[in-house]
Structures are given as structure tokens and as C-alpha cells.
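There are 2 protein chains.
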Amino acid sequence: MKNYIVHDAWHIIEMGFDPALNRVSESIFSIGNGRMGQRANFEEQYTGDTLQGSYIAGVYYPDKTRVGWWKNGYPEYFAKVLNAANWIGIDVAVDGVPLDLHTMQVSHFKRVLHMKEGYLLRQFTARFPDGKEVEVEAIRFCSLVDDECGVIRYRITAKNFSGTVAMTPYIDGGVRNADSNYDELFWEPVAKRGSEHRALLTMRTKKTDFWVTTGMHYELTHDGGNLTPREVAIEREDYMARSVTVEILEGETVEVRKYAVNLSSENHPKPEMADRAGQLLDRVVGKGFDCLLTEQADAWGLKWAESDVSIEGDVAAQQAIRFNIFQLHQTYTGEDDRLNIGPKGFTGEKYGGSTYWDTEAYCLPFYLATAPPRVARNLLVYRYKHLPKAIANAEKLGFGAGAALYPMVTINGEECHNEWEITFEEIHRNGAIAFAIYNYIRYTGDTSYLAQYGLEVLIGIARFWAQRVNWSEVRQRYVMLGVTGPNEYENNVNNNWYTNTIASWCLEYTISALGEVRESNAERYAAIVAKTALQTSETDRWAMIRSQLYYPVDEARGIFLQQDGFLDKALVPATDIPDEQRPLNQHWSWDRILRSCYIKQADVLQGLYLLEDRFDVETIRRNYDFYEPLTVHESSLSPCVHAILAARLGDEARAYQFYLRTARLDLDDYNNDTEDGLHITSMAGTWMSVVEGFAGMRVRDGRLHFNPMVPGKWTSYTFRVRFRGALLTVHITPKAVTFSNDGEQPASITVFGEHLAVDKKATVATPNYEKA
Amino acid sequence: MKNYIVHDAWHIIEMGFDPALNRVSESIFSIGNGRMGQRANFEEQYTGDTLQGSYIAGVYYPDKTRVGWWKNGYPEYFAKVLNAANWIGIDVAVDGVPLDLHTMQVSHFKRVLHMKEGYLLRQFTARFPDGKEVEVEAIRFCSLVDDECGVIRYRITAKNFSGTVAMTPYIDGGVRNADSNYDELFWEPVAKRGSEHRALLTMRTKKTDFWVTTGMHYELTHDGGNLTPREVAIEREDYMARSVTVEILEGETVEVRKYAVNLSSENHPKPEMADRAGQLLDRVVGKGFDCLLTEQADAWGLKWAESDVSIEGDVAAQQAIRFNIFQLHQTYTGEDDRLNIGPKGFTGEKYGGSTYWDTEAYCLPFYLATAPPRVARNLLVYRYKHLPKAIANAEKLGFGAGAALYPMVTINGEECHNEWEITFEEIHRNGAIAFAIYNYIRYTGDTSYLAQYGLEVLIGIARFWAQRVNWSEVRQRYVMLGVTGPNEYENNVNNNWYTNTIASWCLEYTISALGEVRESNAERYAAIVAKTALQTSETDRWAMIRSQLYYPVDEARGIFLQQDGFLDKALVPATDIPDEQRPLNQHWSWDRILRSCYIKQADVLQGLYLLEDRFDVETIRRNYDFYEPLTVHESSLSPCVHAILAARLGDEARAYQFYLRTARLDLDDYNNDTEDGLHITSMAGTWMSVVEGFAGMRVRDGRLHFNPMVPGKWTSYTFRVRFRGALLTVHITPKAVTFSNDGEQPASITVFGEHLAVDKKATVATPNYEKA
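One line per chain: the protein sequences are L and X, in this order. The first sequence: position 732 = 732 (the working numbering), numbered continuously. The second sequence: position 158 = 930 (the working numbering), numbered continuously.
Here chain L stands alone, though its shape is the one from the complex:
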């Protein structure tokens, strides 16, 4: 845990340069626009510790999988998001000596992420060994408007000397992934094209043959006036630079504006990429830096107008929630149904930038409520398009007849993970993908989705569950053997309550979805039945399995059991674990974790969260009281569910404690791993903690329900949600709950069980009964 980020409502601020924190800050100050992402590496050379990272959405490399003991069914490769050509680089030298913060005295160092306007600012003063001092200010952003474009303004001022400053903006395709399993280079050069002030470099990925053209165009200003000194071109096979040297006097400033573009063959025909990159550069250079920065601020203004959460009275909480929302928008914009959300977004290499169940289980609610429905819908369509591969994946594991098992980790629909206890057994992911369909329709009311896409996915998933259970003679029930639940601190267990529960729910929902489509769209229904060769005997069997599925329970305690045999463990609260042994996964061997009672994230509680309406509050409370003390929250996805349930149970203190734990996870580097990248998917959980936790927002019967509470430290909080054409601003104080509707449709709301109608353009207030 660290605590060096200055608290501020709209800015993320680092004061002073600590090389030991550099990788952490490189993650935190990442910028992106859904199409590309960039860690907060320096423009100028830095020979100290750094993880360079420039990422292009959708461009991946099938890295040869590293594995010790091969198991039948393991994938051949792990699809990795690539560290792509460095487009930010601007080497600087003063009188021939390179500017490099690793080798000189640094003062007045400051990094600021301007979240409202969407750019990164860096300032510092550097003292060269010979005493010369320069002041530097660098601003950069990835444009939301021109989403293939990144822009940098880099200013250097001679503080106490006159001399020459050489500026060398470049593009470097000779980059590596730090996590390349066999130290392979993933890229090879295709073509170069250069002219004065401009360079275009096209690289291709090996094996996958993605092409990316990275282009740059720079402008130079000397103390306010444009300059065109003699340019020296430096080019290697995978590197292009343009170097200019300027004589400056003490107090003068040289400014470079570097316009960069990244075009991918996913979006452009390969033969035209270089031409198009040049055209795009012409366009953005034509706009100019100031115009692009204004457009950026306007575009971010629109995002904030739909999704801001403001908190009065608690600046740490305020900063944290905005940071999380900011990073989520930087990662995924919903414009492209081939893209999805990696656990680290575009802020690091870990988890390979691939898609996990996190998207459906944690991210979907955020995008449902804060973006137009097509954004969430695109996340669902991504999985629909992968259905054939999910069916093929299930076949590899011995299933058939159209059963689908979605991959644990994927970019293109193929499984990339290779731990048997996860890849083959953490099958609850199928449930999250089905539940997301239900959740999307419940929230948006877009029932057409079921016929168009959803039902086929549900049939594949239901078939999987029906084949995955077996009949137990001794129990006279169906059982599900050998699974790993969301609590990954248990492996290969029998009858994980969450998995059995979500499997049963899938069967039920698929049966009901079949009925709905049959009623609403007989033609499409017939087409789907024909396409999937669905038999009546199948649905009969699904209903029978549902009615005879076994669930482990502890009758005495009145709780659901995480899995068979859970009560055989020594049940010792997590508070008894010595601090120096936390986190367990860095201190205990795996067997010790597995046979302990400690829970990474409590999956019984996850099930109660998802299917809350099916359980009475006392059942939730008993389970919460049993599992919460055993939970070590070593998954970043854990605290948010506890925050929401604690709020549901009226336990404000614990809800607030869990909120803080999830909200400032990266800003305060809670788990000592922010250097690897940000926990993007758990950031959506932070949003849920506020909106579903403190505000108690639920969707039932086509209405939004609220049961708000206000954490003690907070004066008030406000958030915006879209709901079926309404755009609501929800303002909650200890006294009142106020709804303003800026949308196109009226909203039907239930607050503390009372119905409210909020017409468009109307504002309606109701007393806050929380403390009543």
C-alpha cells in the first residue's frame, strides 16, 4: 500500500520524482481512448526502471504458451496484447548531452492527469551534470474524436544557459513485450515512408500478420515563432527519427508538437494504410494542437455528463470514483464489437489484454447505466460471434451436440489459458455470459436481443450444463463434480454452490427464453430450433436436472455451503492471519491456501448478489456473516460485492470500508501490483459499490428501484444513469433524494418502496428515509 497521490476532486497528482514509484505511476497516469492506450512513459530517453507500453486495440500475438506439464486440451498459444511501436518518443539533448531523468538531478517534478479534459501533463526541472538547467512541460493525450491519433506538446526552456538543444522525435518499431514467453520479437518491419517533418513506419506481427502503420508529423516553435532548421533523418529497419538542432538563449523555449497516428489492418486495407496514415496526419496537423485539445475536453465533457459520480465531503472517495470512471472510458467505448475489456485495459501487459468473465459480471452494469445501449450490446455481440468457437472449445473437452463452453481467457474466441483447474473447471464463466443477456434485457427492455442473438448462446450454454452434471446414485440427485468456483482459492471441488446455482438458473432462463421467442417471433424461433437442432427431449431434461440438482447446505447454520466438505476445514477468521502473511498468495504455498478456509472472493455471496430477489434478507445476512470473516479479498473483484451486500443489510460502516478498499485500489497501490497495470475491470465494481451499494439501485419490473444510504463522511453524492430513454441525475443527501431527468423519456422509479414518476426535463425530490 502506498499513499503518494495528492487528493483532488478532478486531478490525479504526483508531486516529486521517485524512481522507485515510476512503474506504478506509469500505470496510474496511463492515457487511452478505447482504440489505443499508452502508459505514462517519458517522451525523452529514460534509462531507469520503466515498463514501456503502447497498445493498439485488437492487435494481438499468439505467444507460444509456456507450460511445464502439458495436459490434453490445453491451448497452443496465449493471445497477447502487444507492446506496439513507440509513438511518444522525443529524444532531447542539450549541448550533446542526452536529457535523462535517471542520470540527473530532478526538481519540481509533477505529473497530473486532467481527468475532466482527458490529458496528461508532466513538468520538471532537470539539472545536467555540468549545471545547466532546463524546465520541461509535456502534455499528451489520445484523442477521443480522432481515435487513431495521439498528440504531444513538449516544451523545453533553457533556465540558466545558452546553447544548442537537439530534439529528435521518432517512431521505434523495435519494441518487445516484457512478458514474451520465449523472448521472441513479435513484430517485423514492412515498410517505411519519410519526408520532411514526417515519418511513416509499417510493422507487421508475426504469425497473426496484423499490420500497424505508425506515423508522426512534428512542428517546431522557438520562443513562440515557427522554426524550420535543417532536419537530419535517422532511419533503421524498424526505426525512423527526425532530428533538429536549435541554438537557444537563456530563458528561451523550444516547443515540439508531435502528432502521431496508429492505423491497424483491422480497420484499413493493408495496401492503403500508409496513404491513409498520411491523410490522417494531414487532417490532425491541419486542426492543430490547440484545436485537438479543445475537442478532447469537449468529448470528455460529454462522457462526464453521462457518467460522473460526484461526492461531497470526501475528496479521497471523490477522486477515486472519477479515476475509475475515467479509466473505464479510456479502455472501452463500445464502438467496435470486435473489442472487449481486458483486466488491465491498455495499462500493462499482464493478463495479456484478454477478456475474462469480468466483463459480463462486473463491467456490464457500468456500461448499461452510463452509455447508450449499443455499447453494452456490443459487449454481448462479441460473445455471440464467438459461439462457434465456444462450441468447438466444448468439443475439445468431450462435450457435443452444440454444447458451448466459453473460454476463460480470450481475444478472438479461442481459449488462451492453460491451468487445468481454471481452463477446464472454472466453468461458471458460462453462467456470467448467460446472466449478462438477462441483465441487458432487464435493464434496457430490448427484448429483441433474445431472438436476434441471445437465445442461440443460451441454448449452447444450457446444453453444456446438462452434459456437465451427472446422476449420483447415493444422493439420488444430479451433482456437478470437479469445478473451480469464482473463489479460486478452491480447485477441483464438487458441487460448488455458486456454480450449481448459476447452472440451474441458466437452464431455467433458457427454457423461459425459448418460450418468449416462440411467443414473440415464431419465425425466428423456428429458424433457431432448426439451426441448433433443438429437441423437446432436451428441454425436458433441462427441467428435470433443475428440479433434481443437488445444493450443499448447512441446515444447522442455515447457510449455503461453498462446496461439498467445506465444513471439514478448520474455520478460523481471516483476522487471525498475521499481517506479514498477507496477501496469502504471496506467502503460502498453494496447497495450504486450498485446504484453508480462506476465500479469495466469496462465491456464495456472489450468487446471492446476482439472484438477490430469490433470497430473504435473513438468508443473505446469515451467509454474509458466515463467509465475510473468512474472505481475504485477494481478488480485486471481491470487495465490491461485499460493499453492495453490506449496504443491502444496512451495514453502512462495512459498506464504506469495502468501498474504499475497491475505489483506491490502484491509486494507493493496495496490493503492490499496480506497476503491472491498473485493475480496470474491478473499477466497474467501484462504480457498482456506489450506485448499487450506497444508492441501492436495482431494476425490477422495468423500473429503477433505489434504497439509498449516505456514508457518514459524505455530505451528499450525485450520479447519472441512463435508463430506457431517461437520463437521470440522482442526488442523494441525508435528507432527500432528488431525481432530474434530462433524457427523452419519463422514468418510473421506486424509492424506499414508493413509486415516483420523473417526467422528462423534470426534477422530483423525496425524503431520504434511510435513518428513519
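Wrong hints could be hidden among the right ones.
[As the list claims (entries may be wrong)] Now the stretches of chain X that chain L is said to cover, found in silico as 3 or more residues with beta-carbon under 8 Å:
1. 1167-1177
2. 1245-1256
3. 1349-1361
Note that these hints are calculated values from the structure, not bench results. Given the structure is predicted, the values throughout are model-derived calculations rather than measurements. We put the CB at the ideal spot given by N, CA and C, even for glycine.
Given chain L, work out where chain X should sit, using these hints.
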């Protein structure tokens, strides 16, 4: 499964050259002497498919471990037996064209392993593209007498031409391991020394800095007369050759005798190695090839005199048992307590040449019965010496206070394996190591071993079990969670019956061993108590755990349950698995194997085998009848236990069927994996199938017991066992059982429950009551 080895009582014979079988034959025709081993690679160049393998006992390389997802507690490296310098190479060229069976017509090809005399013969005729034909005969062996020495006699005859024959004996240190995880070279050259007819090359292993000096000396004979043509030296950094060219006439023969030595820094001071290699070469060259071959036959004669099993009436069974005995002796001679037995011996790289529980569970009985007691004792001392590392290993997993967990896989005492479900959870290996101490003392009567070495090991192991169990409130019993039993087709199960049973047995035996040593050697007892800081409270706790340990059972069937929840599985006999899905581990994904009822090797039966005297025959029968149909025998260690139990239950047909399955496993390449090397450790199981299975040999109360049967196809069988100074030849026919004692002590024997005394030099016969 293949069937190309010609059946013969004393020879392993391959007729004709099939390149597709070459790797299989290279394994089968391996030679070795416990100090070094050599696959049956060709002396002359071979550009076809081959796995080169020359291995030196005790010389290993810590190969960087390949793993996908690191778990806390995993080892940093996998210690691998090394492919060492090629000492067999003799390149041959006729009129400048290399002899290479891959590129020419081959006829009259024959490989013969002369097991009685301990050498490999190869003969062939090769036709060069231009029609020239040569006849070749090569004999080679690794000397049992001079165990750092290998010898080759290579004869080539010009059949239909006159011309030049160039012979180039060489040593090549530039070898690689095929299984090097990162394609590293493990060796680097240290020094070379050459003179006429002789070359010495010293290589060192990276990281471990083992030095091996490989030396050669050759002699050349032309049509019977010695020759000294001009020799050309060819040397590179890691390669030394001596090339001579001879003019021969049609029908003439050139013969090279190559004497090679391999000295390891494990046995010689590094500065002296080259000198000593030269001295050893002087010595063996002085003896000459014929003398060395005679000595070899004599030394093998002594081994066979102690360990031969002869079978009348079934040449396939006869050949197989001799092959297994031959390979066991080639792998381990018991001369060096730093060495042990790898699952593949020195016949391939798989399993890294490391030690598994196989040694204690399967190999020990063979060496106990067929070699002087010091051989088996050295196997035990090997583990005693590793006790500090076993204690350190347990500490890594969170145990303390002297608890010891022996590694799953090791060369030097450190754990080398990295699958959590094996490394951390297949802890029954501790039980095998404790049981081996009991077994050794039971067999040899050498009770002094307990005080000298055994007790300390037992205390460490007992402490481990006592910490590994936990109290289950719901069961009011101690339970053992998260283990993998010998049946590795279940992982991370709770209360594996075998593991609980052997753990309990360990506690009991340790308590009784403490009492024994206290009685017999009070001084040593006090020293051990002081050294281990043993508390009375510990032994009290061991007794309590023993009395309150939980065992899963099925009361209805009257069987022990493999683990908690086993009966939840769909119980379908293995005969229902379609042939094309066998072996399961090559066709099913791991999760499917795990949740199936199919058993790799039946560990309940393993427990009944080890502790047979504690169970009545009906209990054994019920468990056998339940588990045998579910067992797929995909461990090579499985069939022998079934053979012994089937024999115990009087089921001769099944016992014979299992015997054949284990005995000809490699000769007939039953599992299609002999090309990787031979299943050395399971070969000891074959011997057990005969001696403990058909002959029903047991040790009880210091006596040998027999309950012989004769498989229908056999006329009779004979084997030799040592027992407490007696050396018994046991001859069993359907009519009589005859014992001859060539040892120094009388033997007390019980046959079909009747006591017999067999004085030294006496022969005693008793009727065979088997069919009575």
C-alpha cells in the same frame, strides 16, 4: 503396441532395420552399468530419426523450469540427467562416402542384446549408392568390472570391392538434451589433451560445475594384423577425433577397438581427472578387448546367479522377466549411496533421471531379494542424507518443528517438480519412504538401521502427518484435506483412503520404532531425542490422531472409499470405454478424467497390498472386485499390484494377464512410449508379480512364506532370493516346490502354512498344494 522383438530366452533380438522403430530399439537395446548408460545409437553417422543418449550417473543440470503460472513454493529448477559427451562415435567412409544407414540400402540388419554376457551386438550389410557393399559387426558394452569404461569392437568388411576405408573414432562434447526447456546448451568445454591413438576431452556442466572427462583410445587391425597408418587429428573446442584411412581389398576386414572412459568430478579431484582418465585407459587397453569381454560375462554371471528367474514353457514370459532384471541391474548396482533409480534409468531423458517414490514402493523389494543388503540399505541412506532438505521443503509449505516432506522428484534432495497437485499434494510419498525402512528391516532383520538412520527420518515424517491433518468439527474426526493419492487421476481430494491409511501407519510405526530404539540403544535414543527436540506431547498427539483419524468407507458394499465423494461419480466399467479413446490421458481433457470414475492405478488396492496382513481375504476381494473394473492401468506401476492381489485371491487367469501386461510393456511397446526410454522402475514390479504374485512370497515373523501357483502355460519356474544369509533357489512346478540353499545361513520357510527348514547347501522339496 508392437510385436517385432524375436522371442528368445536369453537374447533380445531385432531382425531387419525399420527406421520408424529406431527410437524404440534405441531404448530397448540400451546398455549400462549403474555408473553410465548408453542408448543403442549407432557408432557410425546416422542422419535418420534418433535420440542420442549417453548418461553419467549423478551428473545433472538444473534446467530452468518451464511453467505457465507460477505458484508460491514452486522450485526454481528441474534437475535433469544430462546427455553427456558422445563416446561411441566412429565415423566410417568408403572411398570418401560416409556410411549412413539412413541413405543406403540395408540388409541382414540385426541387433542382439546378449543379456547373459551383458553386451550389445549389431550386424548389417549396407549397399552404397554406387553398389559397393560392406558388412559391419559392432559389439559394445559398459563394463561392470571397470565401471567408468565402455568398449566397442567395430568390424567392417569390403564385400564386393577394393578401396579405401576411413575410420574416425571421436568424442563429441557438443551434445544437447532434447528436453532442454529453453534450448540451452548444458555443457561447456574445459580442456583437451591428445596424443596418437588417444584423445581426452573434459567438459563441465554450466551452473552445477560437474566435470566429466571422456577419453578414448583406439586400436586398428586390418584383416587380423595390427595397423598403424598415418593418423589425422581433427579437433574443435568440444570435439576430438582421430581419423585413419586404410586401403583394403575385396573380402578384407578392418577392425577398430575403441576403449572409452567417463570420469566424473563426483568421483575424482578435478585437477587430476585427465591424468586418471589416461591411467584408466592404459589399464583397460592393457587388458584388451577380449579380456574385458570375458570379465563382463563373468560379472554378469554373478548377477544372474543371484537374481535370475527362469520360466519353462513360456518363452515370451521368460524373455520379458530376464529383460526386466537385466535392465534393473544396468541401472542401479547399489555401490554408491548418492545414486538412485530414475523411472527411465539411463535409457532416455524423460522424467529427468530423477528419483520418485517408485524406488521405495516398487524397486526396493527387488534389490532386497536379489542383492546384498547394502544395496537396498544404500537406497535408504540416500533418503536419510536428504532429511535436512526434506525438512526445508516442508518449511517452504508452511510446516515446522522438524516436519519433513520428501520431494516428489529429486536428484539431490531438492524438489524439482512443479505441478501443485503433485508437488504439494501427492504427499503419500512420505509414507513409501517410511514403509521402505520397515520393509528393509522386516526383510533383512537389520534392526540397527533404525537407530543409526531410520528413526530420524520417521520422526520427521510423523511430524509432517501430524501437522497435515486437521480436526473436523462436523465429523469429530481428524481429516486430511487436499491430497493427490497414488491414483493421479484424482487431484486435490479430501481423505484419500490410501494416504490416510499410510499416514496412520507411519504414526504407529514411528511410535513403535521409538520404543524399540529406547529399549535397544538408550544412548542413541537420547541423542536422537535431543537432536530432534522430540517432546512426549508429540507422540501423545500422534497416538490420538491415529485413534481418531477418519477413513471413507462404503458400509453397504463393505469397501474402503478411494476418497470423500467417490460414490457421487457415474460408475461405469472401464471396458465400456471405446478403444480409440485409450489411453485416456491422450484423448480426454484433464477435467473429464478427474470427474470420471477411472483410476490410473488403484490406490486402495495399493494400500491393501502394502498392509495385506491387516485385512481379511474377503475385504481384499470386495475392494479388488470394486476397483479393478474401474482401473485403466495408465501408470506402468499399476498392473503388478493387481497381479499380486489377483494371485492372492487365487485368480490365476487375471494374475497371468496382469503379469504379461507389465512384463512385456517395453519389449512390445505397449503404451507407445518406449521411444522415450524404458520403464525401469515398473520392471521391478514385474519381478514382484512373479515372486510375490505367483510364488506368493511374503516375510512374516522373520520367515519367508510362500503360497505358490503355476500359471497354466508354464511348466515350471525358478527364481533366486537372498534372505538373511541364505541364498535360495526356488523351483516351482505344478507338483512340487523345491528349495535349494546356496547361502551361508539356514533358511526358515513356510509353504502353504507349513514350516520348513532349509539348511545351507541343502535342498528340500514339498508338494505343491495349489490345486489341491
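Quick rundown of the hints versus the structure:
Requiring three or more residues with a Cβ within less than 8 Å of a Cβ of chain L, the coverage given for the region 1167-1177 of chain X holds, as 3 such residues are present. For the region 1245-1256 of chain X, the stated coverage by chain L holds: 6 residues have a C-beta nearer than 8 Å to a C-beta of that chain, and at least 3 were required. Counting residues of the region 1349-1361 of chain X whose C-beta sits closer than 8 Å to any C-beta of chain L gives 5, which meets the bar of three, so the coverage hint holds.
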